[in-house]
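Undergrad: Sequence:
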Amino acid sequence: MEQKSVKWSKKNFYVIRDNYTALHDVTKAIKEAGVSECGLIFGIDYTMSNHLQGQKTFGGRSLHDTSGPELNPYQQTICILGETMEEFDDDGKIPAFGFGDAKTVDKHIFPLKEGGVCEGFSEVLDRYNTVTPKLKLSGPTNLAPLIEEAVNIVKETKKFHILVIIVDGQVTNEKVNQDAIVAASKWPLSIVVIGVGDGPWDTLKEFDDGLPEREFDNFQFVEFYETITKAKYPYIALALRALMEIPEQYKIIKHHELLRKT
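Per UniProt numbering: the sequence shown = residues 1 to 262.
By construction, these hints were calculated from the structure, which means they are not laboratory data.
If you're wondering where the values come from, they're calculated on a predicted model, not measured in any experiment.
Hints should not be assumed to be uniformly reliable.
Claimed, not checked - Keeping only pairs whose Cα atoms sit at most 25 Å apart, straight-line, the calculated DSS-like set for lysine-lysine is: (1) LYS186 / LYS175; (2) LYS28 / LYS56; (3) LYS254 / LYS186; (4) LYS186 / LYS93; (5) LYS254 / LYS232; (6) LYS158 / LYS28; (7) LYS261 / LYS158; (8) LYS28 / LYS159; (9) LYS232 / LYS261.
The whole structure should be built from the sequences, with the hints applied where relevant.
TA: The following block contains the structure:
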């Protein structure tokens, strides 16, 4: 697998390389890095562009279409990452949120499960299937409220978390999103963004390899369609790409003593 180039700044920020080629190796490395307590947070993009972003990659259907015989890209991602990442979640409780619908637009987020968190990824999928057909999509796309809520959860629970966000395209206000990602790098939080749909993905790729003012490279972007269509074992490939940077991120978090801040 192609490795990322390393970029240095005056703060010695560097982009973490994608060093693993097998899912077993990266899950082993996560455990060897000392990840004993880990929480998961999930975010779903309900912006209007989901209706159009499946023209090339989902047969022209809405990416949130739940009526077909096959799973849509959101459902696939929840299932794939759920099976893989659940073993690292020490309590099985997963806060799951939606954003970009007609009520929250780009200002707020909403819980997929009212009044509580989901019990495991199976309930995340159940809540997605229940909530999605009832929502009116809107926008624009803004990850900042979700990232800020994830930081609040980290502060409250006092442990390392992985935030998984599934989005269908570019963010709208780059500066607001950049600021949220940079601010989150001061906390023990890894952000994994899965891009479903047709793209383009230039801004999210820049968030992955740029933003040298961060305390550490806390952001991993994975393009769903490109990953699953080029791999012999597509589901394993997606999980591998999603988890690729977690071992090194956690080592840096410990080195910077970010867990002590909580």
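Undergrad: Hint by hint, which ones does the structure fall short of?
TA: 2, 5 and 9
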